[in-house]
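Enquirer: Sequence:
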Amino acid sequence: MFIVVIICFIVSELTRNYSQVDKLWSLLPPAYSWMTVAAFPTARTVIMALLVTLWGLRLSYNFYRKGGYSIIPWQGEEDYRWKILRESNALRGRLRFGLFNLLFISLYQNIIILLFTTPILMTALHPGKPFTITDIAAAILMLAFIITETVADNQQFRFQTMKRSEQSDAEMFRDSLKRGFLREGLWKFVRHPNFASEQAVWISFYLFSVAVSGRWINFTLLGPVLLVILFIGSSIMTEQISSSKYPEYSTYQKEVPKFIPRIFRNRD
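The opening residue of the sequence shown carries number 3 in my numbering; numbering runs sequentially from there.
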């Protein structure tokens with residue numbers, strides 16, 4: 003992992019493209035999973051690795067169609083939020099942003115990627131454990147949330163494509179195109195259905211470790227917890243940007259929950 007951290011840091015500093023970890027986000031978990039399968043080949047680890055691979059293929063495709071990958075590996079579209087952070091008062095200057103790049107972008111994010119994949123290591127340490135209802139629930143939930151994340155990302159991609167081409171004839175997105183941000187489809191139930199699904203994918207993956215350990219809380223919980231914290235912070239920044247651009251976004255924030263649909267709770 004630390005070799006990956008060093009490479010991401012050096013390449014991003016040399017190219018000034020700070021989305022190097024973003025390029026690897028969908029590739030490293032499948033790699034870690036199949037490395038575990040190679041060392042501990044069990045039916046459970048293979049199923050987990052297949053699910054992670056499906057997740058990775060979906061995310062890689064979504065990243066690719068948004069221009070994230072390039073024939074030259076270190077090029078491609080950079081996440082717009084890194085540019086905003088570079089120009090912020092807190093991180094302006096090469097030294098300050100360089101430290102942020104090393105400690106947060108390159109190191110911390112790679113640590114999170116490794117940690118939320120560790121449930122497969124936990125299951126590898128219990129090769130004799132029979133399949134349980136928890137395993138089945140984990141697999142079904144993970145697959146379901148991969149599907150909802152796919153739907154959410156497809157809706158956002160279609161909306162952004164129409165927005166850039168100034169199309170306004172699509173019935174589903176007509177109102178959203180007028181206001182400037184998506185509020186149809188899954189986005190009418192929560193403000194970040196893709197973020198919510200991504201967190202739920204890895205919480206579901208964690209359930210495999212619960213199945214073999216017999217404990218609802220074990221050391222592999224740290225990964226999904228840190229991932230949730232990361233998405234909370236990311237969503238705060240994303241919404242600050244949206245609020246500054248779109249006057250109606252504050253109303254959207256009041257009316258629609260961030261991650262959890264109101265059907266499951268009384269208030270945001």
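Warning: the hint list may mix true and false statements.
16 Å max Cα-Cα, derived EDC-like pairs, lysine to aspartate or glutamate [said to hold, decoys possible]:
1. Lys68 with Asp24
2. Lys260 with Asp177
3. Lys68 with Glu80
4. Lys190 with Glu257
5. Lys85 with Asp24
6. Lys85 with Asp177
7. Lys165 with Asp177
8. Lys68 with Glu79
9. Lys190 with Asp177
10. Lys190 with Glu250
11. Lys256 with Glu241
12. Lys165 with Glu186
13. Lys68 with Asp81
14. Lys180 with Glu250
15. Lys68 with Glu89
For each label pair, taking beta carbons as the anchor points, the in silico distance ranges come out as [what the hints assert, rightly or not]:
16. Pro129 with Gly182: 48 to 58 Å
17. Leu116 with Gln242: 24 to 34 Å
18. Arg94 with Val13: 20 to 30 Å
19. Thr253 with Arg166: 23 to 33 Å
20. Gln77 with Gly130: 44 to 54 Å
21. Gly130 with Asp177: 16 to 26 Å
22. Leu105 with Ile135: 18 to 28 Å
23. Leu224 with Arg18: 29 to 39 Å
24. Lys131 with Arg176: 49 to 59 Å
25. Gln255 with Lys85: 15 to 25 Å
26. Thr17 with Lys131: 44 to 54 Å
27. Arg264 with Asp177: 12 to 22 Å
28. Thr55 with Thr134: 32 to 42 Å
29. Thr253 with Lys131: 44 to 54 Å
Quick caveat, the hints were computed from the structure, so don't treat them as lab data. Remember, it's a predicted structure, so these values are computed and weren't measured experimentally. Where a beta carbon is used, it is the ideal one built from N, C-alpha and C, also for glycine.
Enquirer: Each of the hints needs a verdict: does it hold here or not?
Expert: These are the hints, each one checked on the structure:
{"no.": "1", "hint": "Lys68 with Asp24", "in the structure": "holds (12 Å)"}
{"no.": "2", "hint": "Lys260 with Asp177", "in the structure": "violated (20 Å)"}
{"no.": "3", "hint": "Lys68 with Glu80", "in the structure": "holds (10 Å)"}
{"no.": "4", "hint": "Lys190 with Glu257", "in the structure": "holds (9 Å)"}
{"no.": "5", "hint": "Lys85 with Asp24", "in the structure": "holds (14 Å)"}
{"no.": "6", "hint": "Lys85 with Asp177", "in the structure": "violated (29 Å)"}
{"no.": "7", "hint": "Lys165 with Asp177", "in the structure": "holds (12 Å)"}
{"no.": "8", "hint": "Lys68 with Glu79", "in the structure": "holds (8 Å)"}
{"no.": "9", "hint": "Lys190 with Asp177", "in the structure": "holds (12 Å)"}
{"no.": "10", "hint": "Lys190 with Glu250", "in the structure": "holds (14 Å)"}
{"no.": "11", "hint": "Lys256 with Glu241", "in the structure": "holds (12 Å)"}
{"no.": "12", "hint": "Lys165 with Glu186", "in the structure": "holds (14 Å)"}
{"no.": "13", "hint": "Lys68 with Asp81", "in the structure": "holds (10 Å)"}
{"no.": "14", "hint": "Lys180 with Glu250", "in the structure": "holds (10 Å)"}
{"no.": "15", "hint": "Lys68 with Glu89", "in the structure": "violated (23 Å)"}
{"no.": "16", "hint": "Pro129 with Gly182: 48 to 58 Å", "in the structure": "holds (53 Å)"}
{"no.": "17", "hint": "Leu116 with Gln242: 24 to 34 Å", "in the structure": "holds (29 Å)"}
{"no.": "18", "hint": "Arg94 with Val13: 20 to 30 Å", "in the structure": "holds (22 Å)"}
{"no.": "19", "hint": "Thr253 with Arg166: 23 to 33 Å", "in the structure": "holds (24 Å)"}
{"no.": "20", "hint": "Gln77 with Gly130: 44 to 54 Å", "in the structure": "holds (47 Å)"}
{"no.": "21", "hint": "Gly130 with Asp177: 16 to 26 Å", "in the structure": "violated (56 Å)"}
{"no.": "22", "hint": "Leu105 with Ile135: 18 to 28 Å", "in the structure": "violated (41 Å)"}
{"no.": "23", "hint": "Leu224 with Arg18: 29 to 39 Å", "in the structure": "holds (32 Å)"}
{"no.": "24", "hint": "Lys131 with Arg176: 49 to 59 Å", "in the structure": "holds (52 Å)"}
{"no.": "25", "hint": "Gln255 with Lys85: 15 to 25 Å", "in the structure": "holds (24 Å)"}
{"no.": "26", "hint": "Thr17 with Lys131: 44 to 54 Å", "in the structure": "holds (45 Å)"}
{"no.": "27", "hint": "Arg264 with Asp177: 12 to 22 Å", "in the structure": "holds (20 Å)"}
{"no.": "28", "hint": "Thr55 with Thr134: 32 to 42 Å", "in the structure": "violated (23 Å)"}
{"no.": "29", "hint": "Thr253 with Lys131: 44 to 54 Å", "in the structure": "holds (50 Å)"}
Comparing the model with each earlier hint shows violations of hints 2, 6, 15, 21, 22, 28; every other hint is respected.
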